[in-house]
Amino acid sequence: MKYLDEYRDERLFRTQLARLQQIAKHPWVLMEVCGGQTHTLVRYGIDELLPAGMEMVHGPGCPVCVTPVEIIDKAIALAERPETILVSYGDMMRVPGSKTDLLHVKALGGDVRMVYSPMDSIKIARENPTREVVFFGVGFETTAPANAMVAWQAKRLGLKNLSLLSSHVLVPPAVEMLLSSPSNRVQGLIAPGHVCAIMGTSEYEYLVNKYKVPIVIGGFEPVDLMEAIVMLAAQLEEGRAELENQYSRSVREDGNKKAQELIAEVFEVCDRKWRGLGEAPKSGMRLSEAYREFDAEIRFNLTDIKVDEPKECISALILQGLAKPKQCSAFGTRCTPESPLGAPMVSNEGACAAYYLYRRHSGEADEEAVSSGGGA
Amino acid sequence: MCLSIPGKLIEKSEADGILLGKVQFGGIVKGVCMDLLPEANVGEYVLVHVGYAITQIDAAEARQNYEYMEMAGMLEGELAGFPDDARPTKIDAEKIPHSGEAMPRDGESS
Amino acid sequence: MSTPEITSLACPLPLPVKSHVVMGHGSGGKLSAELMRDIFLPAFGNPVLNELNDQASFTLAAGRVAFSTDSYVVKPLFFPGGGIGELAVYGTVNDLAVGGAEPQYLSAAFILEEGLPLETLRKVVEQMAAAARHAGVSIVTGDTKVVEKGSGDQLFITTAGIGVIPEGVNLGPMNVRAGDRILLSGPIGEHGVTILAQREGLQVGGDLKSDTAPLTELCRAVRKAAPGLRTMRDLTRGGLSSALNEISASARVGMAVEERSIPVAETVRGVCELFGLDPMYVANEGKMIAIVAAEDAEAALNAMRSVETGAQSQAIGTVTATRPGRVVMRTSFGTDRIVEMLSGDQLPRIC
Numbered sequence: 035m036k037y038l039d040e041y042r043d044e045r046l047f048r049t050q051l052a053r054l055q056q057i058a059k060h061p062w063v064l065m066e067v068c069g070g071q072t073h074t075l076v077r078y079g080i081d082e083l084l085p086a087g088m089e090m091v092h093g094p095g096c097p098v099c100v101t102p103v104e105i106i107d108k109a110i111a112l113a114e115r116p117e118t119i120l121v122s123y124g125d126m127m128r129v130p131g132s133k134t135d136l137l138h139v140k141a142l143g144g145d146v147r148m149v150y151s152p153m154d155s156i157k158i159a160r161e162n163p164t165r166e167v168v169f170f171g172v173g174f175e176t177t178a179p180a181n182a183m184v185a186w187q188a189k190r191l192g193l194k195n196l197s198l199l200s201s202h203v204l205v206p207p208a209v210e211m212l213l214s215s216p217s218n219r220v221q222g223l224i225a226p227g228h229v230c231a232i233m234g235t236s237e238y239e240y241l242v243n244k245y246k247v248p249i250v251i252g253g254f255e256p257v258d259l260m261e262a263i264v265m266l267a268a269q270l271e272e273g274r275a276e277l278e279n280q281y282s283r284s285v286r287e288d289g290n291k292k293a294q295e296l297i298a299e300v301f302e303v304c305d306r307k308w309r310g311l312g313e314a315p316k317s318g319m320r321l322s323e324a325y326r327e328f329d330a331e332i333r334f335n336l337t338d339i340k341v342d343e344p345k346e347c348i349s350a351l352i353l354q355g356l357a358k359p360k361q362c363s364a365f366g367t368r369c370t371p372e373s374p375l376g377a378p379m380v381s382n383e384g385a386c387a388a389y390y391l392y393r394r395h396s397g398e399a400d401e402e403a404v405s406s407g408g409g410a
Numbered sequence: 353m354c355l356s357i358p359g360k361l362i363e364k365s366e367a368d369g370i371l372l373g374k375v376q377f378g379g380i381v382k383g384v385c386m387d388l389l390p391e392a393n394v395g396e397y398v399l400v401h402v403g404y405a406i407t408q409i410d411a412a413e414a415r416q417n418y419e420y421m422e423m424a425g426m427l428e429g430e431l432a433g434f435p436d437d438a439r440p441t442k443i444d445a446e447k448i449p450h451s452g453e454a455m456p457r458d459g460e461s462s
Numbered sequence: 026m027s028t029p030e031i032t033s034l035a036c037p038l039p040l041p042v043k044s045h046v047v048m049g050h051g052s053g054g055k056l057s058a059e060l061m062r063d064i065f066l067p068a069f070g071n072p073v074l075n076e077l078n079d080q081a082s083f084t085l086a087a088g089r090v091a092f093s094t095d096s097y098v099v100k101p102l103f104f105p106g107g108g109i110g111e112l113a114v115y116g117t118v119n120d121l122a123v124g125g126a127e128p129q130y131l132s133a134a135f136i137l138e139e140g141l142p143l144e145t146l147r148k149v150v151e152q153m154a155a156a157a158r159h160a161g162v163s164i165v166t167g168d169t170k171v172v173e174k175g176s177g178d179q180l181f182i183t184t185a186g187i188g189v190i191p192e193g194v195n196l197g198p199m200n201v202r203a204g205d206r207i208l209l210s211g212p213i214g215e216h217g218v219t220i221l222a223q224r225e226g227l228q229v230g231g232d233l234k235s236d237t238a239p240l241t242e243l244c245r246a247v248r249k250a251a252p253g254l255r256t257m258r259d260l261t262r263g264g265l266s267s268a269l270n271e272i273s274a275s276a277r278v279g280m281a282v283e284e285r286s287i288p289v290a291e292t293v294r295g296v297c298e299l300f301g302l303d304p305m306y307v308a309n310e311g312k313m314i315a316i317v318a319a320e321d322a323e324a325a326l327n328a329m330r331s332v333e334t335g336a337q338s339q340a341i342g343t344v345t346a347t348r349p350g351r352v353v354m355r356t357s358f359g360t361d362r363i364v365e366m367l368s369g370d371q372l373p374r375i376c
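Chains as they are written, first to last, in the numbering used here: chain A, 35 to 410; chain B, 353 to 462; chain C, 26 to 376.
It is possible that part of the hints are untrue.
To give an idea of the interface, some chain A residues facing chain C are shown, with a C-beta separation under 7 Å as derived from the structure [stated by the list, open to error]:
hint, residue
1, 79
2, 86
3, 127
4, 371
5, 372
Computed from the model, here is a short list of chain A residues facing chain C with C-beta under 7 Å [claimed, not checked]:
hint, residue
6, 44
7, 240
8, 245
9, 391
None of these hints come from the bench; they were simulated from the model.
Just so we're clear, the structure is a prediction, and the values are computed from it rather than from any experiment.
All residues carry an ideal CB built from backbone N, CA and C; glycine is no exception.
Let the sequences and hints guide you as you build the complete structure.
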């Protein structure tokens, strides 16, 4: 597949790694922001190949993981109503709310439909004019325009039975929260390439200038990530702090203007709670005044639910890159993908889930695998 | 939250006021919405995320970046002391791998 | 209601022609008999079945008997490469074959939803009959029940199969030991991706179809070529990962597989990329793994490749003594990652 395979080329990867080995002389601490980047790093074992004691800490780039428990409970409440069809991305189906998850609600008779594209919710709404269709729209800026389309099309087509349960988060405020924390160890950042493909690069320019931290906009394939790491290492070794664009084939300085306009029309910035991180001001998006009629929370009078997160879960530390999943006392035992305690275990992109899937630490986790396995 | 895959736009059309397109990924073709990228032309490569084309792949940028990586890798090994951002003046177009060539696998059907 | 037509000279009462399954088809009366006569017998007909007893009776060759059962609920009922009929026959045949048995007799029980077009049923049954002939088995007994509309998704099939294991053949994970080689019979993920492509309305090139196929000949070839054959397993839901993990856990051994050696067709890869799926976890219906003693690996691989269903067989890894219960994959980058057993279904992701 063109523009994909080339960036998985092992030979090219190794030449970049060789460059890194030449350049890197110090144990720099870097962070990749996006969950998709974490996935690649852990899947290919790239973070284990870094020289000079360099370390990758995994950032909060998983909108699924950071969706507040309250929102999931609201989605579940909607799904449990007989007249509602809840339409959701696959990623959200297994995320636990305070009591259950969408998959279980579906099993018990709730009309929950999994889609690949938000376009499908428009189709479902038209095919079911007597039912209320709610699209559970989560995501970063990459997904926001597509989710926005649901409300935009609903308005244009006059669809009265379609609404949006929105849980959108913005990356730069979350990154800012991490960088400004007194316990921040991150010295260089790989910015999320697809977010930047939509939003452009200026927001990260601001972060570089304010925090004097080198930022490289990176892609998602092994070669992309390795090149981004090389670029960061070079900056750090040379004492520079600039914004560079590794993913220039997909990211332009201005981003996608049309998508940005759509986001600005349909959404407005608001404060947002991040599961595991707490509240970050101006880090989320909700439907704007003109589109408020499509807000499912308002349409269905969903009241606020306050939930405490399990005490054993150290997701706050993991999402900030202050701890690794292996260091959690519950990792792989009381907290697994089947029964997650916290945000980073719930989806494939979460740091804990990625570690669990690809790299469990040996010891009691292995014993458990042997004793619980077997049988078709 | 960003799973986006590059594919070739092979057709554009419209239905119900919605701009549509057909994008080819490897051996499959998928219908996508082009409303976020109406200016994309048939024949260009686009990134598709949740059924929407979100940006075009800049072929020239891709090529330049790729060649640079290849050359820089070689330079590190062969010409120590050469500055990292040196770019070769002669570009060998043959060196850019095509789809499927980069990762040959045993038994994989082409 | 259409004008009644005479459908049988033997029955004194004229019965209306029916085009859909109704509750009466499951009651064991005349409608059930009609179904038997018009659909099942013409397709499956064989001396045992034709006796129409409550049970099938036959003599088995001497030896240990292998017995397996499975239910089939796939949706859509028909897809490129086959349909529920093929799955229902080949699935059970393969469960027997990978145990070293020669599959012989199948039972077929149907749960039909009221309102299912009889034409659909006929098509499924004819596919089953063709599959049974191709696999060299007979469907000798069965049952039909009908449930009310809304209580069943069109058509469910349960097949059970009996086969005979030749003298001296004793396969299973208990035989597996460190140093053994793991052989895979061909490219993975074809069935699951075909179904997904159908559901998502993907236009696919002609080469994407379910790999549903009987593996009897393939299994026989490996048995004959490799005296050191330890065990075989067919890959179904849960994909290659499940098969490897199950054996690894049962046998309490580790496994080291090479990512590069696992064949994945280009189209399958494209669909997986698009939906964020890992081919290791995608369903197959005509693939198996064989674990053989290292010294037999070459002969076994050649034997597999000489059979059509194993033409693209590859050696994909080795059994190890370290990290029992763990399947470790050497990535194409030379790093190791664990192939974990998936909990539940693999869901397409956007993240």
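Those earlier numbered hints the structure runs against, lowest number first: 2, 7, 8
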